[in-house]
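Protein chains: 2
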Amino acid sequence: MTRINTEDVGEFYQHYPKVAAVLTVNARGNKNAMAAAWHSAISFKPPLYGVSVAPKRFTYQLILECKEFGINFVPFEAAELVASVGGSGGSGIDKFSKFSIAVEKPLKTNVPILKDAYAAYECKLVDNKTYGDHVWIVGEIVAVHFTDDVFMSRGTLDLDKLNPALYLGAELYMTTKGESLRLLDRETYGRR
Amino acid sequence: MTRINTEDVGEFYQHYPKVAAVLTVNARGNKNAMAAAWHSAISFKPPLYGVSVAPKRFTYQLILECKEFGINFVPFEAAELVASVGGSGGSGIDKFSKFSIAVEKPLKTNVPILKDAYAAYECKLVDNKTYGDHVWIVGEIVAVHFTDDVFMSRGTLDLDKLNPALYLGAELYMTTKGESLRLLDRETYGRR
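The listed protein sequences correspond, in order, to chains A and B.
Heads up, the first sequence is in our numbering, so the first residue is 2 and it goes up one at a time.
Heads up, the second sequence is in our numbering, so the first residue is 2 and it goes up one at a time.
Worth flagging that the hints you see were computed from the coordinates, not collected in a lab.
Since the structure is predicted, the reported quantities are computational estimates derived from the model, not experimental observations.
Residues from chain A shown here face chain B by an in silico Cβ test under 8 Å; the list is partial: (1) Thr3; (2) Phe13; (3) Pro18; (4) Lys46; (5) Glu81; (6) Ala120; (7) Arg155; (8) Leu169.
Calculated cross-link-like contacts (lysine to any residue; reagent style SDA-like; alpha-carbon spacing at most 25 Å): (9) A:Lys46 - B:Ser89; (10) A:Lys178 - B:Asp161; (11) A:Lys130 - B:Phe13; (12) A:Lys116 - B:Ser181; (13) B:Lys46 - A:Asp9; (14) B:Lys116 - A:Arg4; (15) B:Lys106 - A:Thr7; (16) A:Lys178 - B:Met2; (17) B:Lys57 - A:Leu185; (18) B:Lys109 - A:Val10; (19) B:Lys46 - A:Gly133; (20) A:Lys162 - B:Ala171; (21) B:Lys109 - A:Tyr132; (22) A:Lys162 - B:Arg183; (23) B:Lys106 - A:Asp9; (24) A:Lys162 - B:Gly179; (25) B:Lys57 - A:Asp186; (26) B:Lys116 - A:Asp186; (27) B:Lys162 - A:Glu78; (28) A:Lys116 - B:Gly191; (29) A:Lys46 - B:Gly88; (30) A:Lys130 - B:Val143; (31) A:Lys46 - B:Val10; (32) A:Lys106 - B:Phe13; (33) B:Lys130 - A:Glu66; (34) A:Lys116 - B:Met2; (35) B:Lys106 - A:Val10; (36) A:Lys68 - A:Val104; (37) A:Lys109 - B:Gly11; (38) A:Lys68 - B:Asp9; (39) B:Lys99 - A:Arg183; (40) A:Lys46 - B:Phe13.
Glycine included, each C-beta is placed from N, C-alpha and C at the ideal position.
Extracted from the complex, chain A is given alone in its bound form:
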């Protein structure tokens, strides 16, 4: 084993894999979708979700305009969809039409919700803050869409029924191993 300790941070792909999200927006009929690998839940109450977007992105301008966005999670079988919307600029083209992306009706916003998504969040913008070369966009989750059959009773993904599209960096995608599931109760392990 070769251990490397370096100040050369580079592209720092080491923190991957991450669920590949599709960020969607609809500002007065101007719809767009982009791939987003840098995203996270950040608060339970209220339920807040953050996503990092480069300010040059057309999607970013649209989010500032309509103050809402959607976060969509797709199965591994739909990973090409993520690569497709990730590889094409959104200004002047309708990616939904170009890539035949089916959408369903949102509940509380106007954001496009992907039919292919096993889960999606509708978010209302609450903050946007520049950090380095990206903007951290924070939204309150006001509605959740999900395919009930692929989730377990407590709301966690059922890996025997659905494997999510995970991004590994450098255009690589992969997924989960259902048989690897382990319940590790933190209280039990914290007491050891």
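Please arrange chain B on chain A, whose structure you already have, making use of the hints.
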């Protein structure tokens, strides 16, 4: 397939799995480690990393004091370590001693770097901002530690050699499927 659309956001576990990170800190000898599932890269230049921490956490107080933190990523075989540090309060106990957690020397900070981590970032605090019931802590990555053998040439994880500990919500952990790897070049797919 039952599709559910609801304003009842609940615990919103749908965005998982996520790599389970161990957040470490050392404020003048007061060392601590906690499990962190809400974290993300947020900028390339400078390289910035964010992690969401509840302000009641002992680790949060220590980070404010020393203005640095470590983000450690461990293999699936070490998932118990994550559950252990996640399930025990840090004030008044030394989790490194209690759970026999081996550390290695940091390069640019004083944060503990886990020997079990296949990769770890040393970060200098650049911002902390309250969002809802958590604080979004942002650090600049000033040094990277990693086990060279388990990464591929471009710096992505080699899933044939290492499977990361992924958190699924509700105390469930799982890992990746090496044979599922697919290269989906975004430019190719964006042009389709």
